Every structure is written in C-alpha cells, then in structure tokens.
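**Student:** Residue-level listing of the chains:
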Amino acid sequence: MDALIQSKSKARQRLLIEAGIVAAIALLLLFVIPPILVGSGQGFRVNLLGRYLALAIAALGIDLIWGFTGILSLGQGVFFALGGYSLAMFLLLQLPDGQLPDFFSPYGVTELPWLWQPFYSLPFTLFAIVFIPTIVAATLGYLVFRNRIRGVYFSILTQAALIVFFNFFNGQQKLINGTNGLKTDTATIFGQTVSSPPVQAFLYTLTILLLVGGYALSRWLTSGRSGRLLVAVRDDEARMRFSGYDPTMFKVLVFAISAGLAGIAGALYTVQSGIITPQAMNIAFSIEMVIWVAVGGRATIVGAILGTLIVNFAKSILSERFPQFWYFFQGGLFLIVVTVLPGGILGWLREDGVRLVRSQINKRRPLQTYPSLEEDPGVQYERKNLANRESDG
Amino acid sequence: MILGSTAAGSILLKACGSDPSTTASPGASPAASTAASTSASGNTVKVGILHSLSGTMAISEKSVVDAENLAIEEINQAGGVLGKQIEAIIEDGNSDWPTFAEKAKKLIDQDKVATVFGCWTSASRKAVLPVFESKNSLLWYPVQYEGQECSKNVFYTGAAPNQQIEPSVDWLLENKGKEFFLVGSDYVFPRTANTIIKAQLAAKGGKTVGEDYVPLGSTEVKSVIQKIKQALPNGGVIYNSLNGDSNVAFFKELQASGLGPDKYPSMSVSIAEEEVKAIGVDYLQGHYAAWNYFQTVNSPASTKFVEAFKAKYGSDRVVNDPMEAAYIMVYLWKQSVEKAGTYEDLEKVKTAAYGQTFDAPQGKITMNSNHHLSKFVRIGEVGEDSLFKIVYETKEAVKPVPWNQFVTDTKGFACDWSDPAKGGKYKTT
Amino acid sequence: MLSGLLDGIFSGISLGSVLLLAALGLAIVFGLMGVINMAHGELMMLGAYTTYMVQNALKGTPLFGIYIFIALIAAFIVTAIFGLVLERGVIRYLYGRPLETLLATWGVSLILQQLVRSVSWQLVTIVALFCLLFFGAMWIVARRTDFERARGWFLAIMIPLSAAAAIATGNVLGTLYKPAFTKLWFDARNVDVTAPKWLRGGFPIAGTQFSYARIFIIVLTIACVVGVYWFLNNTPWGLRIRAVTQNRTMSACLGIPTKKVDALTFALGSGLAGLAGCAVSLLGSVGPNTGQNYIVDTFMVVVVGGVGKLAGSIIAALAIGTANYLIGSNTLVDLTAPIKPLSDTFAFFSTISMAKVLVFALIIAFLQFRPGGLFPQKGRTVDA
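Residue numbers (our numbering), protein chains in the order written: chain A, 1 to 393; chain B, 1 to 429; chain C, 1 to 384.
For the record, the hints were derived by calculation from the structure and aren't laboratory data.
There may be inaccurate statements among the hints.
[Claimed, not checked] In silico DSS-like links for lysine-lysine, alpha-carbon gap of 27 Å or less: (1) B:Lys277 x C:Lys309; (2) C:Lys340 x B:Lys277; (3) B:Lys310 x C:Lys59; (4) C:Lys183 x B:Lys310; (5) B:Lys198 x C:Lys340; (6) B:Lys204 x A:Lys174.
[Said to hold, decoys possible] Anything over 10 Å on all C-beta distances counts as not near chain C; from chain A, calculated: (7) Lys8; (8) Val164; (9) Gly378.
In this text, all values refer to a predicted model and were calculated from it rather than measured experimentally.
C-beta atoms are modelled at their ideal positions from N, C-alpha and C, and glycine is treated no differently.
One chain only, chain A, in its complex shape (with noise of 0.2 Å):
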C-alpha cells in the first residue's frame, strides 16, 4: 500500500518536473530566443521559427497516428489546407459591407458564393479550423477502418484523397482563387494588417501556446490506458481485438484528433506565412511531415516538435546556400532515418547516445546476458540483499 501511493505521489513528481521543463523551454521561445535573433541581425527567422512551431503542431498529431497507432496518413495535408483556407476565408472577409474580396472581380463574380457566408462569423471560423477538418477525417477514417483497410492501403487511399482536394481546390478559381491560392498579408483583423508586427508577434505567442496545448494533449493520449491502446493497435490489432476492444473507434477517434491539430497548424502557418494555396496539398509536402517526426523520433512527443525544427531550419539553411543540394540532402535523410535511425534522433540518444556515454566514463551497459553469473549487477544486488537480510535477521 505503502509503495502504491509512493509510487504515485513520484509520478506526480515527474509530471510537475516535466510541466516545468515545458514551461522553461516556452518562456525560453517566446522572451530570449527572438531578441537574440533580432539581435543578430536575423530577424525574419523569427517568424520562421513561428511557422515551424505551428508546423510542429501537424507533426504531433502525426506522432499520435503514426508514431503510436502505426497508421501512415500520407493526406495531412488536407487537414492542412482546410485549417489555412478556413482561417484565411474569415480574413479576407473583414472588409467594409457589401465588398468583396479582391480576387473575384477578374472572374466576373459579383455575388459572394454561398460557401463564404459563415466566414464572416469569429465562432464559426475558429469551430471550423478545428472542427472541419475533425470532421473530414472523422468520415474519411470511420468508412476506411470500419472495412479494415490499413497498412499500406490506407496511406494510399488518403493520397487518393489529397488529390481529390487538390485538384477541386486548384481548379475552382471563382470559389477560392485557385493556384493562386488566399493572401492573408494584407488583411486586417481588429483594425490591425495581420503582417504587422504586433499581430504577428501576438501569433507567434498563440502558436507557442497551442503547441504547449497540443503537447499536452498527446502527453495525455499516450500515457495511461488510451496510450497502450493506442500502441495495441500499432503492434497487434487483430489481438487487441480479440480482447474485446473495438479499434476502428480508437483509430477513427486519433485520425479525427491528428486531424484538428493538422487544421489549428494549418491556420497558425498560414497567417504567419501570409498564404494559403492548394500546394499545401501537394504530395511532397504530405510526406515531408511524416519525416519529420521520424527524424526527431516515432512515438516521441518531444521528437515529433524537435524534428520539425531541426528539418525545416536545416532546408531554410541548406537551401540558401546550396539549393541543388537541398533535394539530394532531404532524399538521404528519407533512406538514413529509415535504415539506420529508425528510432530517430531520439531514440538514438536513448539507445546508442547512453551507451556511448557510459563507455566514455567507463561504465558497463547493462547486458541481456553476462558472460559469468557473478557480473550481472542484478544477482549481485540480490545477493548484497540477501546479506543484509541474513546479517539482520
């Protein structure tokens, strides 16, 4: 009884400890990090570290199917896209009565088309950031897993989805403006142009907040019993099955949840960015999410956010020194992560970086098995126990 509240008031804290590591690392974000860039002369990395902060966001919800569940969404994009256009829509419509925005006229439209109406609401768009895209996936997933599509049948039929967003989203100028995609830089919101400093310094708190939030969520998830649900289902459905479970909800329900986080990363990228076109759902960009959370390390919540930094902060740099590398280094990061650090960089450092450190100070790895039965550590503190015991006793 003892050991059982024992145990519990440790993991409680560790929970503290670790809320109290997040909460550094976000003050760390929001107080230091952008002065000292805006010091250095680098200011717009700022705003780039916004932008992949909210993509950070999109890579967690791909942590919690992926790196947990094992299903390989290839179409987050649309979740992407629904979650910038629906922001954008709301945008674009704070104008004075009776205007449209600006891009209608070149086609001829005069009238806004029915779609748009409830952008002019606050409510309604922040709902539908969130809840549009929860709901696409929700549909999506509910008629995919409830025929027990999976593997790679399911990451090819979400592609299949991607294209069908893409090409409607592209090939409908007079709905939303086609490849040209929505402007949010020139909009205003509260009497403010959403490119100007305050309204983007006040993003880039929102996202650090949301992705706080976000981190939460998924900590909450995965641990416990949804967490080893979650993993049940990555590693033996059919068991998880037999057990009495019914996964199809469990999965619909985490498709659903990675969706509306992909939706709230989408509009936070976009305002930040300053548009949304349908290359958001592209093919390429789809996959690019899911590498990702394999280079920072599957089913880490830390490493889903620390990957999305790391790859994108190494393109940005890559890219502008050498662009015709950029294509060959991110192929490589594919085929290294995949064959050589399939535990990501975090897995790495839990595996091999420990092992690593402890051979520098001499110390052994614990073994599966010893050579002799006197050096495994495990018998020789049973049999110091055992001592102590017969010396007591």
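Given the coordinates of chain A, work out where chains B and C should sit on it, guided by the hints.
**Tutor:** Showing chains B and C alone in chain A's frame:
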C-alpha cells in the same frame, strides 16, 4: 551524413570562391555567387535574385537567372553602378509560393539588398507582393503576365495583355479565322487571359467555341483534343496558354490526331525558343507564338545579346523573351540608379525610372509611369531550325495597359505612379 | 456518331494501356512484397532519359528509324540494373516494414529527380570515387576480427574522409577541364524525345484519326502483359515468383531462394518501369518531374485491381483510363443531354482537373465496397 555534407559544402564553397569571376555552369552558379557575397566586402551594391532553382518551375526560371547574371557581369565589367560592383545574392524559391515570400523577407531584412529581380509565376509574384509593399522595397518582374495589377513596389518588364494577347488575337482574326478554341493550364494567367480574349472576340466579331483547362504539369490531354475536334470540326484557331510540360503532350497529341497547323493554326503565349527545343521542332513547325522578342530579331543589340549569352553559357543555348526582359530590367535598374544618384532612396530611384529608355534587343523600350514597359509586339512562326520566323511586328513600341479595357471591372481604370493623386488604380473618365 | 464512338473507345483503351504499362511493374512488386515503390515513377523517368540518350546517339545513323526499339531494350536494361542496385542496397533491409519502404523509396525518388538535374562528369566522378574509397576501405578493414567493435569509429572517420577526398578531387578536375567536365548532362530543362517519322501522325478511319504512337503503346502493352504472363507461368523463375507471392514462408521452407526471387522480381518490375518510361516519352515531356505525373495514378490501378492479380490490374487500368476520358471529355455531357440535371453535373466535371477529382472520389468509394480491390487475395487474411 550531416557532418559529411557540411564538409562537402565548405570544400565546394572554397573551390568556387577561389575563382569567382568565371561561373562553372548554371547549376553551380548560385553557390559561386553566394560565396562571392560572403567573401566580398565594402564597395559593392547587393541585389537579390529570387527564382526557383529547384522544383517544377526550375525548367523555366533557371535560364532567366542566367540572363540576369549575364547583365550583372556585363555591368560589372563596364565599371559597375555608381562606381560600385554589383553583387548578386541568389535565393531559391523552390517552386513553392510561401518559400518565395520567406526568401524575399530574408533578402530584404538580412541581406539588405538594393532591389530584387525575380519571380516567374503570377502566384509567386502575388505571394511576395505583400512583403515588398510592407517593407517598401523594390521588385523587378520579367515575365509576361495577366495584368490587373499595378503595385508601386514592382516594375513589370514583361508584356501586359495588350502587348501580347490582344494584338495576337487581332492578327488571328485578320489572317486565320473567326472561331477560337481556348486551351490553357489551370491557373490564373490562362484563366484571366481567356477572360480577356473572350471579351475581345465578342467585341470584334469573333467567336469562342469552347475552352478547356489542364492541371499544371498534366500530360494527359486526349480529352482536350477530342473537345477541339468536336467544337471545330472543319478547322479553326486554337489559342494556347498552356504552360510547361502539358505543351509537349498537347502538341504531340495534336499532330497524332491529324490537327495540323494548316487547318488548326495555334497561337501560343508561353512557348518560346527554349520550349521549342524541349517539345521538339517536328511537332511545332508551322504553329505561331506571340512575344515581344525572338532570338531572330535582326538588330545590333539583339545580335550582341545572343552572342554574349552563347559565349558565356555555350553555343547550344538559345535566348527567349523572358530572358531578354530579365536582361533589360537589370540595365534599367542600373540606369535609374545612376540617374537618381543613389540606390538606397527608392523613391528617387523610382522617379528616375519613369521615362528611362534603353536600346534593348527588341528595340528601343521605355519605362512608363505605370511601372510597365512600352514594348514591341511580334508574332513568330516556328521554322525548321527551331527558331521563329517573324511574320508580324509593330512599327513602334506599344504602350502598356495594366488594367484591362476589355474586362468590365477594370474598364476605364488606369495607373500612374508619377502623380501621387492618381496612384495604382484611378478612373480615367 | 460512329467516329465519336470509335474515338471514345480508342481513347479509353489508349489511356488505360498507358496506365497499365506504368502500373505493371508496380503491381508485380507490390504483389510479391507488399511494397509500394514510390520511386517507380522516377524509374520511368530514367527510362525516358535513356530513350533520349539513345535517340541522340543514333541521330544521323541509318538505325535512327528504329531507334525506339533499341531504346526500349536499353531502357529495360538500365532501369532493371538500377532496380537491382536499389533492392540490394536499400529495400532488402526493409522487408516486412512496408510503410518504411514507402518512405525510403520516396527518398530515393527525390534523389533521382535531383540527380538528373545536376548530373555531370564531375558529380559522377565524385560519387564513384567516394564509393571506391569508402567501400574499398571497408572491404580491407572488415577482414580484421575486431571490426564489429570499431565499426562506429570507422564510419565516423571514413565517411567524411572519403567524401572530402572525392569532392576535392572532383573540384580539382573540374577546374582543370572546365567546360566539358562540369557541364550538366541534362540540366533542369526538359529534353525532347521526337518519335521516328513512322510513329508520328495517325491512321485515318471513318473521319477520325488513330495516333500511331498510341497504337504502338497499346501493342507494346499487350506484348508486355503477354510476356509477363508467359514468364510467370512457363518458366522456373516465374513459378518461384508465384510461389513466394502466395506464401513466402512456405516457399522458403521448400528451398526456394526467396532473396534471389525478391531481387529478380524487383529488377523485372523496374525494367518494366523503364519500358513504360520509354513509351510515355512518345506522348509527353521528358523532364525531372515526368515520373511524378504518373505515380499516384498507377498506385490506384494496383490498389483497385487487387494484390497479386494481373487480371485485376488490367481491368482497373482500362476502367480508370476510360472513366477519366469519358468524364473529362464532353462525351457524357452529350449522352445525358436530355436529362438536364445529370448533364449539368457532368458538365461541371468535364475538365481534366475536375475529372480527376471525380475519378479519385469514385475510387475511394469503390474501395469502401471492395476493400481488397477487384480480385482480392484469397485465403487467410494477409496482414499488410
């Protein structure tokens, strides 16, 4: 891997940096000029070059970068601008519009460039436009486009619709037929161009019998051909604003289906010398294209430009209209800066640019106060040698009309930045 | 009306045969290993570039008239060898992990796309030299008994060292033999493949014209399908491939060399991609992005057809091709003209973009009814 590639990078950097005056190849040139930029100090003017060097659009944009580099090199050899050497900082837009905006911010904020030469697609231009407007910086844009824009922070050196599309439609109506089928890639330029053409045809007694759009990069165009056959059973004019890869499939299919240029002449607005090479001249011979400049233009300036380009990049290369526009815009910027006596005060540079003339390969062009160029209009027919035979050209440069007069929404509007009261869009009547 | 109907049938079959040719190799590989090869499109691109090189090499010689046949053989060999290297170098480490294979092959496809953009003698030298130094050193060191222990250190030292040596040499050679050595072979621009004269133009019937190039592709597709059927059903290796496809473990127990079968199948699938690349170069453009245009469409053919059944892929390809054509052209609009709402709906979808939207939506819907495709694999469930 990370270690390896950084090591690789720095060695490459050194190798190129040791010899910055000669550019190894188009592929290596970005690295070379960045190297030059980091090593050079003091007496230089930094300018940005922002094009896609990777991704789908690299096909077209790489050669524009080549032309810009050529102009910069020529200017530098002639003593530079205001006694300073021009230092180009090349950024890759990656054929991705948000990346264009990101790189534009980087060029302006971090590198503090005097001006930026860049962009190809309208989408990329629209993506960077807010950046240039909010930071009050200057972009030079070298490609023919759909008009309906007139930003005070952009100089457009490509053709406006009235310098390419409208005259070519007039010419077709006069020489080739009244019935038009419009086919284009599915994005803003063809869509807007076709809106203009339809209005123009309606006003001038022509007839649009159909239009169709192909997704960018799609190579399956069979159903378009079928629609053309259905709509024009006895021949007629095909107005083609397809872009990139789709053109190849389109012309191969057109020939295979027996729609030859004798009965189905086509007018293209995105096919220039480079594209003729990539499509294969056997498929294109006898079709038409409308531009402001062809390599075959016979003038001393044109010969000089072609020769200089071939000497720098190889005799198998060709030049085309966007490359010429890119080449002249660097010179126009230099002239404006020299007239203004500064490259830092953009207001002075802009004011100096109005009325600036240049003896361009296409003829004597003038920068107007609406930020567009007066240009010559030409129509060429693809000949056996993969070059264009010029079948029509205007005697004088045509004045640009950015706000289209065939589109109801912009009819009666104009643009004049020399007069603060008028600005980007004012009513003329 | 007759010509319209003929035209429709011909176009549908022709679109379908292009899809089928592109999907054939993918279907075999997917059937055998459950692996989706994202680099399949890029293998097609390699085939198309091979065609371009053969065309240029034979320009002006008497063989030019039949260069396309030589190109077909060359494309098959080049891509098959490349497929073999890919299988031995990457994919064999990933069997049983289909999703990881998907990501790895996507990486390969990115590298290939950039490769054709920036390949030059310089790059070739650097890569060759690196491989020589690195693997040579590994070969020497690997004979020492304590190699396993020092492996990490060996990699950490040798990779940067060989890379540095290779790049330095490449750059020195590059400056010495400037234009020829550093000139890009293809650059980012598209290259032109012009069909020989007898393949251009078309064959006129009943007021319409059948493109020779498309007839050629239909014939080629039929030949490939027949050839693959024959190979799988009448040769010892074909038998082994079928056996491994049906039950890998049991085949291994019975002494079939599954590793060799895997390598062979992958090479065969890649070679077929090369043929497809050669064929599509007659229709469209040849550039770094050529493969990207086909990749998702060919997946759909394989998935709709069902795993491991060529008949399924054939029907799926024809169905998708015909549907794409019928919806994208005006045919359905005209047919349904009497029923106004229906024809309006079809008119809405009758551009190529929107036809794609509808076809892919239909595919997703179809898979709801038949998750295993047209011809699902029989027997106990195969866990993908």
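**Student:** Hints first: check each against the structure and report whether it holds.
**Tutor:** For each hint, the structure was consulted:
This hinted pair does not check out: Lys277 (chain B) and Lys309 (chain C) have alpha carbons roughly 42 Å apart, beyond 27 Å. For the hint linking Lys340 (chain C) to Lys277 (chain B), the alpha-carbon distance of about 46 Å lies beyond 27 Å, and the restraint is violated. Simply put, Lys310 (chain B) and Lys59 (chain C) have alpha-carbon atoms about 24 Å apart, close enough for the 27 Å limit, and the pair holds. Simply put, Lys183 (chain C) and Lys310 (chain B) have alpha-carbon atoms about 14 Å apart, close enough for the 27 Å limit, and the pair holds.
Proposed proximity of Lys198 (chain B) and Lys340 (chain C) is supported: the alpha carbons are some 26 Å apart, at most 27 Å. For a cut-off of 27 Å, the pair hint linking Lys204 (chain B) to Lys174 (chain A) stands: about 26 Å separates their Cα positions. Every C-beta of chain C lies more than 10 Å from that of Lys8 (chain A), the closest at about 37 Å, which supports listing it as non-interface. With a minimum CB-CB distance of about 5 Å to chain C, Val164 (chain A) fails to clear the 10 Å threshold, and the non-interface call is violated.
Even its closest Cβ contact with chain C, about 25 Å, leaves Gly378 (chain A) beyond 10 Å, as expected for a residue assigned away from the interface.
In summary, the structure is inconsistent with hints 1, 2 and 8 from the numbered list given earlier, while agreeing with the others.
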